[in-house]
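Undergrad: This is what each chain is made of:
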Amino acid sequence: MQVVRLNREDDYDGWRDAARALAAEEIPASQVLWQVGDRATDLFAATALSRLPEKTLTVPKDFPGLAHSVVLHRDPHRFSLLYAFLLRVIHQPQALHDRADRQVNVLRRMQQSVGRDIHKMHAFVRFRDLQDGDRRRFVAWFEPEHHILRATAGFFVNRFANMRWSILTPDGSLHWDTRQLSEGPPAGKSDASGDDPVEAVWTRYYAATFNPARVNPRAMLKEMPKKYWHSLPETALISGLIAGANRREQDMLAPFAPGEPALSHSP
Amino acid sequence: MAQLDTAQKLSILADAAKYDASCSSSGGKRRSSLGGKGVGSTTGGSGICHAYTPDGRCISLLKILLTNSCIFDCHYCINRRSSNVRRARFTAAEVVTLTLDFYRRNYIEGLFLSSGIIHSPDYTMEQITEVARSLREDHHFRGYIHLKTIPDADADLVTRAGLYADRVSINVELPTRSGLHVLAPEKSETRIETAMGFMHSAITDGADARRRYRHAPAFAPAGQSTQMIVGADTASDRDIVSRAAGLYRRFDLRRIYYSAFSPIPDASAVLPPSRPPLMREHRLYQSDWLLRFYAFTPEEVAAATDPTTGMLPLDIDPKLAWALKFRGQFPVDVNTAPKEMLLRIPGLGPRAVQAILQARRWRRLRLEDIGRLTVSLKKLRPFLIADDWHPVALTDRQDLRALVAPPPRQLDLFAG
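Chains as they are written, first to last, in our numbering: chain W, 8 to 274; chain G, 15 to 430.
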């Protein structure tokens with residue numbers, strides 16, 4: 008049994024280097040144990056992978072992209088699943104583009120889940136403007152489903168290049184000072200607490216843009232599942248908006264004869 | 015009346031803007047605030063929805079009117095002259111501050127600004143453009159801007175708006191000329207379409223100039239869209255689909271939004287006696303996708319409507335309705351059929367079709383393979399042939415519709 012120690016949960020480079028060396032030796036996936044960090048292994052026969060032979064390996068050009076995403080998935084078997092598929096794709100490159108294939112389907116779904124989590128993090132991070140001396144600092148708390156914190160850094164740097172901001176998560180934190188990105192330890196939700204008066208203006212907008220005559224919580228939940236609600240200030244309003252919607256709609260219809268609703272649209 | 019503060023105005027002017035269904039922040043070119051002085055970026059791809067309200071609609075942009083005062087009296091509009099809703103008006107500076115405050119906290123992708131017509135179309139267009147100018151020039155804002163342009167405004171003003179905006183739009187309002195005449199007597203289909211035509215050539219010219227000169231200014235790089243109100247006039251779904259196809263063809267629109275009437279405070283008595291089911295709006299969006307992503311012709315979509323009423327069925331989607339009507343085209347062999355026919359199989363989307371085409375290059379597909387590409391095989395099975403599957407004359411069955419139609423309960427999802 009070979010043991011590969013990876014530096015971090017999202018250590019794609021570590022996985023790639025080890026996988027390349029193991030595949031060159033044709034070591035079967037069942038003979039490799041993938042570990043992150045220093046956690047002790049309980050396997051007697053385990054030998055750490057030490058020397059990495061320098062060999063090139065040809066894989067289809069879309070494979071690294073798939074592997075890059077799948078490595079970020081929280082499933083502990085992801086490194087092993089990817090390695091098993093690597094061994095296959097070397098001999099059967101067509102398989103990579105066959106989404107109906109059982110093995111590919113599993114990996115593509117993992118990739119999709121990671122992609123969705125990244126997209127939702129771009130959407131649902133909410134900064135609070137916390138005064139830090141006389142300088143503004145924007146701080147957000149977020150709990151990603153997968154190991155995507157580093158993968159989302161580029162998006163926030165591009166978007167908020169001229170703001171000082173921090174994104175705190177249970178897995179680690181990111182800090183941007185308008186020039187440099189730095190990483191910090193895991194944080195707690197209370198580290199991002201504080202009062203930002205704009206939050207009240209935002210929730211007011213949220214309430215005003217909601218149309219009580221079209222209540223459809225299922226459609227809302229499909230795109231904004233409850234697991235994200237804890238970091239979204241506007242979600243505190245949801246139950247009240249739904250509860251009051253029917254009455255507001257009736258009030259709009261009240262001046263009209265029964266069965267003659269009032270209808271309208273803006274420019 | 016006491017002076018309204020910005021937050022009070024926001025309540026009024028967001029409420030007044032919410033009947034515009036457009037929310038997308040997609041398309042356009044990639045931008046970043048790196049190397050700039052302000053905030054903002056665009057991904058160049060599909061936009062981001064930052065929140066969803068309990069009506070299931072997404073919040074991507076700060077969608078507001080500059081003012082809800084209006085000199086027009088369109089019956090379907092909450093802001094019409096004769097309505098007694100409370101009026102408010104933002105200053106350009108207030109909108110700029112709100113946009114930046116929201117953007118910095120990652121609440122939004124940018125701004126969607128529209129306005130009631132005050133004084134004159136030119137004056138209104140100038141006010142709208144000033145907000146966009148200030149965001150771009152004074153604050154170096156690189157987020158998304160969608161501006162509603164005013165059909166009768168001066169061409170130079172509209173051109174300036176297009177230079178600041180990612181997307182521009184003009185609403186056609188109603189699917190038929192007669193409907194517009196009755197419900198929006200001060201608007202004209204000809205003027206609306208002339209303005210859309212002008213926009214179309216400005217967008218095309220802008221894109222063309224950028225191909226030749228890298229630094230040519232971008233004109234509304236995310237194109238133009240429009241909105242049609244559904245159920246206010248007597249237009250059938252067949253009429254609407256045909257109008258939509260014409261608009262896509264003539265003006266190269268990115269999107270058409272369909273918006274079913276919904277009740278509002280202080281509505282006009284000229285409106286029709288009942289509101290359309292929200293499911294009708296959903297079916298129109300599906301028919302729109304058939305035109306744009308499934309290679310259906312407008313005539314083929316029209317063939318899925320009821321021959322007498324011209325309406326699409328509410329209980330099943332238009333693609334399934336078409337398949338049930340043209341059963342002779344099925345079953346389709348997933349291992350040999352051309353792409354156009356695969357796209358006709360009910361329940362198979364463009365992504366699944368692409369996956370089938372890829373997979374069958376090197377092997378033959380079985381039913382379980384198709385199952386991995388879709389949510390449910392139940393609806394598909396009668397319509398396809400796979401290596402280990404051939405439906406037994408299912409398409410001849412009288413009860414086929416009942417077999418493949420969704421259970422009625424699901425209609426509640428969209429019920430008014």
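Don't take every hint at face value.
In silico EDC-like cross-links for lysine to aspartate or glutamate, where the CA-CA straight-line distance does not exceed 20 Å [what the hints assert, rightly or not]:
| no. | chain 1 | residue 1 | chain 2 | residue 2 |
| --- | --- | --- | --- | --- |
| 1 | G | LYS201 | G | ASP222 |
| 2 | G | LYS51 | W | ASP184 |
| 3 | G | LYS51 | W | GLU256 |
| 4 | G | LYS339 | G | ASP320 |
| 5 | G | LYS201 | G | GLU151 |
| 6 | G | LYS339 | G | GLU314 |
Hints were generated in silico from the structure; no laboratory data involved.
Undergrad: Are the hints correct? Go through all of them and say.
TA: Going down the list of hints, with the structure as the test:
no., hint, verdict
1, LYS201(G) with ASP222(G), "32 Å, violated"
2, LYS51(G) with ASP184(W), "14 Å, holds"
3, LYS51(G) with GLU256(W), "45 Å, violated"
4, LYS339(G) with ASP320(G), "10 Å, holds"
5, LYS201(G) with GLU151(G), "33 Å, violated"
6, LYS339(G) with GLU314(G), "11 Å, holds"
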